[in-house]
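In the order they appear, the protein sequences are chains A and B.
When you line the first sequence up against our numbering, it's residues 1 to 265, in that order.
When you line the second sequence up against our numbering, it's residues 1 to 412, in that order.
There may be inaccurate statements among the hints.
[Stated by the list, open to error] Derived lysine-lysine pairs resembling DSSO-like cross-links, with alpha carbons at most 27 Å apart:
(1) Lys-149/B x Lys-180/B
(2) Lys-230/A x Lys-74/B
(3) Lys-225/A x Lys-200/B
(4) Lys-225/A x Lys-149/B
[To be verified] With the Cβ distance kept under 10 Å, some of the chain B side facing chain A (calculated, not the full set):
(5) Pro-100
(6) Ala-163
(7) Tyr-261
(8) Lys-276
(9) Asp-380
(10) Tyr-387
These are calculated hints, taken from the structure and not from any lab test.
From a predicted model like this one, the values you see are computed outputs, not experimental measurements.
Just so you know, even glycine gets a beta-carbon here, dropped at the ideal spot from N, CA and C.
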Amino acid sequence: MIVNFTTVAIVAMVCWALGTLLSILARRTPALKIPAFVLSLGGSLFMAAFIAFYWSILDRPPLRTLGETRLWYAALIPLVGFLVEYRWKIEWLKYYCMALAAFFLCINLLHPEVFDKTLMPALQSPWFIPHVIVYLVGYVLLAASSVTALHNVYLQLRHKGNDNGESVSHYLALLGFVLLSFGLIFGALWAKEAWGHYWTWDPKETWAFLSWLAYLGYLHAWRYKIDRSKLQWYLALSFVVLLVCWFGVNYLPSAANSVHTYSQS
Amino acid sequence: MVVVPRRLFQPPWEFREAALFTAVAVFAGFAFQYAASGQGVALPHLPFNAIALALFAVFVLSVGLGFKNNPMVKWFGGIPLGLCLIFAIALLSLIGGVVPQEAIKPGSLSALLGINQIFSSWPFALAILLFLANLGLSLSWKLVPFKLKNLQFILFHAGFWIALSCAIFGTPDLQRLVMKVDEGQESNLGYSMESETPQKLPFSVFLHNFSLEEYPPQLFLYDPQSGQPLEELTKTTTLVHKGVKASWKNVDVEVLDFLPYALPGKNGVPEPADHKAGISFAKVKISSGSAQREEWITTGSPMVDTKDAQVGALYLGIRAGTPKAFRSEVTVHDDNGQQTMATLEVNHPINFTDWKLYQMGYDQKAGRWSQFSLIELIRDPWLPAVYLGFFMIMAGNILFFWNGIKRTEGAS
Ligand code: HEM
């Protein structure tokens, strides 16, 4: 990738690690709360600054390759953790989020990216940014929902009641579903302009539809009299479908016919 | 409390009956597909498909409203069946998302079951039809009597009902044709995917000019035996500009000079030329061990030979960059005297009467020098209805988002 991505990634990860350490210490020494938050947030701000810088030297939004979208996840996922702590007073989610963000950065460090300025004509569209950003934020929320659900499952297995956790995973899934719906429709409207038809059952579209259906199913099951603690399993697993949609599609036999052949990495 | 398990088919029906029903429906769909020797569903054209859809909608709504309290109808419009159908559609889509959707040898089992064309197969059509019935019933109960608090529900469910039903019932009326026009020529013939014989269009397209812009060329090293770029280098393609340096194994390359548009000149030194004729030249310095040399290499064109530099057993070359933009300046006119001049470009289609024209492609071998343009022509009379559905879903989404955020305050 570029010269100093390694530095930025390491600085961000160090920020998150120190932030985590200080947060844990802050349970005993409340005075550490603020420096802990500043450090954790700092990690995301470094990533955000890097994205802005990278955008300016690329002359195009860094949203094209999977590696580039991972930069955004790394910057945004911890923010969800902070938001959840702020709104629902749930502290633990942010640790998972920072760990997940660090994981994304590590993938990028292990697979240095192409320095490629080109953007194929179909991607040069005003729809490009809203479509991808909406999906990105949606995935971030659903990742957080899935992690929360997993944590709920873990608590259930240890027989601890946890209503608040269940409502957090639910609302994250709900907001994520809203963004998936927007992403899907924006994608369809864009496809009409770029490729002539709004829906062609292209493998990428099919998988996006499948992940949308998974969450649609969840929302209706939640509405119906289904044991909500069992649905935590469902939520935790739905994310697998999203993961396939997100980077698994490239490896499926059906991918050969896809128009969405973005560079892999 | 003692819970007596409900027996299968003992009312009120729920998930098990719904799952069984859905499974039977999907199975019947596959059986039907097989019986029809793999022939998919053929829907009628306008106006018959619109009439069929309207009748279906009226039927579902009147059953929903007329038999509101019938337990069977309730079950048919309920969430358990809805969930099972969502699951069935997801499973069928999963087949479509994993198995390549393409023409295969007729007579094979996948072809007979429609696995390779799952989205126009009988099981899929049946699942969608039942889904529309189920969704329509649940909708009828929230529509009448109308309450403002049901608005979000109505926008989502009616929006999806409209978008899905019109997209599916409208498929036969979707026309997608491709037209090839030569520069300075006119055409009114479009080719479809299905047939070799062209279709005559109600208008003609005259191509004034086709032009293509490229990104800067890429620098790469290749093996003359295979002609392929070295595997480890394809990932490190480097856009050429003055001052670019690259090194591979023990070879260092520096671009000393770069002329994006030039033609060969005297003494092997290229001279700048205009955009139309010029090709890209790069002066590269190649250092391998202690040996060093400078050389002009070029992308070449149909008129000028490509020139690469030899590096040991390999060659260093530059190739025309990937297309950045391509456009066709056209005049479209019909017999009624309607006429439009426009520039077609990817992502910038134009409308002409009820057709939409898209820049699709060009002569890829000739690249920048392509003498023709491929234009895709699309007519989809059902589009406004589908978009209406989309906008309703988006409006429902906004409400849902808003309510979701608001409700969280109560939850904390
Ligand atoms: C299979 C057919 C469907 C049936 C029978 C069905 C039925 C229902 C019912 C009964 C509710 C609860 C409404 C309430 O309590 O006010 C609901 C909620 C909802 N439905 Fe559906 N629905 C179906 C398909 C869909 C589809 C295709 C969409 C998306 C476009 C959708 C989106 C929603 C949303 C967003 C909610 C709100 C969930 C919530 O408030 O938590 N539904 N649906």
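Here's how the hints hold up against the structure:
1. Taking the CA atoms of Lys-149/B and Lys-180/B, the gap is about 54 Å. The hint is violated against a cut of 27 Å.
2. Taken as a hint, the Lys-230/A and Lys-74/B pair is honoured in the structure, with Cα atoms around 25 Å apart against an allowance of 27 Å.
3. A hinted pair counts as satisfied when its Cα atoms are at most 27 Å apart, and Lys-225/A with Lys-200/B does not qualify at roughly 58 Å.
4. For a cut-off of 27 Å, the pair hint linking Lys-225/A to Lys-149/B stands: about 21 Å separates their Cα positions.
5. Taken as an interface hint, Pro-100/B checks out: its beta carbon lies about 5 Å from the nearest beta carbon of chain A, inside 10 Å.
6. Hint status for Ala-163/B relative to chain A: holds, with the closest Cβ pair at about 9 Å, below 10 Å.
7. Checking Tyr-261/B against chain A: minimum C-beta separation of about 19 Å lies over 10 Å; hint violated.
8. A cut of 10 Å between beta carbons decides the hint on Lys-276/B: the least distance to chain A is about 20 Å, and the hint is violated.
9. At about 7 Å, the closest approach between the beta carbon of Asp-380/B and any beta carbon in chain A falls short of 10 Å, and the interface hint on this residue holds.
10. Hint on Tyr-387/B holds. Least Cβ distance to chain A is approximately 8 Å, under the 10 Å limit.
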